[in-house]
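Build the full structure now, drawing on both the sequences and the hints.
Residue strings, one per chain:
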Amino acid sequence: MAVTDKQFLNPEKWVSLHADYLFNYTIGRLNDRDLAKDLVQDTFFSALKAKGNFKGESSERTWLIAILKRKIVDYYRKINSIKGKAEVRMNFYADGEREGEWLEERVPTDWSGEIEKKIENEELALVLEKCIGKLPEKYAIVFRMKTVHQIETEDICKELDITTSNLWVIIHRARTQLRKCMEDNWFKN
Amino acid sequence: MKLTCDEASAICDKSQYNEASFWEKIKLRVHLFLCKKCGLYAKQNKIMSTCLQKLKDSEYPKTQHLNQDEIKYLEQELKTKIES
Numbered sequence: 310m311a312v313t314d315k316q317f318l319n320p321e322k323w324v325s326l327h328a329d330y331l332f333n334y335t336i337g338r339l340n341d342r343d344l345a346k347d348l349v350q351d352t353f354f355s356a357l358k359a360k361g362n363f364k365g366e367s368s369e370r371t372w373l374i375a376i377l378k379r380k381i382v383d384y385y386r387k388i389n390s391i392k393g394k395a396e397v398r399m400n401f402y403a404d405g406e407r408e409g410e411w412l413e414e415r416v417p418t419d420w421s422g423e424i425e426k427k428i429e430n431e432e433l434a435l436v437l438e439k440c441i442g443k444l445p446e447k448y449a450i451v452f453r454m455k456t457v458h459q460i461e462t463e464d465i466c467k468e469l470d471i472t473t474s475n476l477w478v479i480i481h482r483a484r485t486q487l488r489k490c491m492e493d494n495w496f497k498n
Numbered sequence: 025m026k027l028t029c030d031e032a033s034a035i036c037d038k039s040q041y042n043e044a045s046f047w048e049k050i051k052l053r054v055h056l057f058l059c060k061k062c063g064l065y066a067k068q069n070k071i072m073s074t075c076l077q078k079l080k081d082s083e084y085p086k087t088q089h090l091n092q093d094e095i096k097y098l099e100q101e102l103k104t105k106i107e108s
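Note that the protein sequences, when read in sequence, are chains A and Y. Numbering-wise (this note's numbering), the first sequence opens with residue 310 and increments by one. Numbering-wise (this note's numbering), the second sequence opens with residue 25 and increments by one.
Hints in this document: simulated from the structure, not taken from any laboratory. None of these values were measured; they are calculated from a predicted model. Please note that a few of the clues may not be correct.
[Claimed, not checked] SDA-like cross-link-like pairs, simulated, lysine to any residue; straight-line CA separation at most 25 Å:
hint, chain 1, residue 1, chain 2, residue 2
1, A, K427, Y, S39
2, A, K378, A, K427
3, Y, K61, A, A403
4, Y, K67, A, E423
5, Y, K105, A, I376
6, Y, K49, A, R407
If you want it as structure tokens, here you go:
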């Protein structure tokens, strides 16, 4: 029953047609080559198993991306449950009379001298990368998607299956932590 | 109407992406007027945004590709699966 514009799957060609695209898509979100390769391979394997579910309504690539997205959510969930709890560095008093105020040691201090020059310095990107790398992984994923890859809030939430307020809490924590890290390692003399 | 520093800096973060609401921005302004610490945070947050823009610019053109070996490996693995 061949309908003219119905799409078909061609697993023999998946790697040559889509591997690089899927890889690049993943690395934009997870920034880890080995992990990205694993997820791309997993995606192909799952797709092969689920071949029968392909209805031919979307293109092969769209279908593969949908599977890959689920793999990314799974990964996000996994790190969320394993080590998402303990390593959050608080920036504010969590309770008591001063709840919501800056913790003494996290209060922003003046960034003295030559800010302009420091922003232009080529090593800035390296130091920033390092600071992002120090974030809990789930924060880093969300933060990177939002800030570096400028993916729409709504799309990130859909892709990672989180709520908007959840996203902003993560961005907030990531940014206060990053500010502190950049203060300690770059802006403070 | 009154915000804690935690809430104020959260709105400040949101506004770095132009996604704070009108009321949030008003409340933030009031807080920043009264709170030096958050004032400093807001100022530095803007600098952080500039820095992150630099990072974005340096990273963006770099799309990452799989090398030949990696492609060959993937092809091999998939082939075994298809045949099994």
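Evaluated hints:
1. This hinted pair checks out: K427 (chain A) and S39 (chain Y) have alpha carbons roughly 24 Å apart, not beyond 25 Å.
2. With a C-alpha separation of about 38 Å, the suggested pairing of K378 (chain A) with K427 (chain A) is violated against the 25 Å cut-off.
3. At most 25 Å may separate the alpha-carbon atoms for a hinted pair to count; K61 (chain Y) and A403 (chain A) meet this at roughly 17 Å.
4. Simply put, K67 (chain Y) and E423 (chain A) have alpha-carbon atoms about 15 Å apart, close enough for the 25 Å limit, and the pair holds.
5. Of the pairs offered as hints, the one joining K105 (chain Y) and I376 (chain A) holds, with about 17 Å between alpha carbons and a cut-off of 25 Å not exceeded.
6. Distance hint between K49 (chain Y) and R407 (chain A) is fulfilled; the C-alpha atoms sit about 23 Å from each other, no more than 25 Å.
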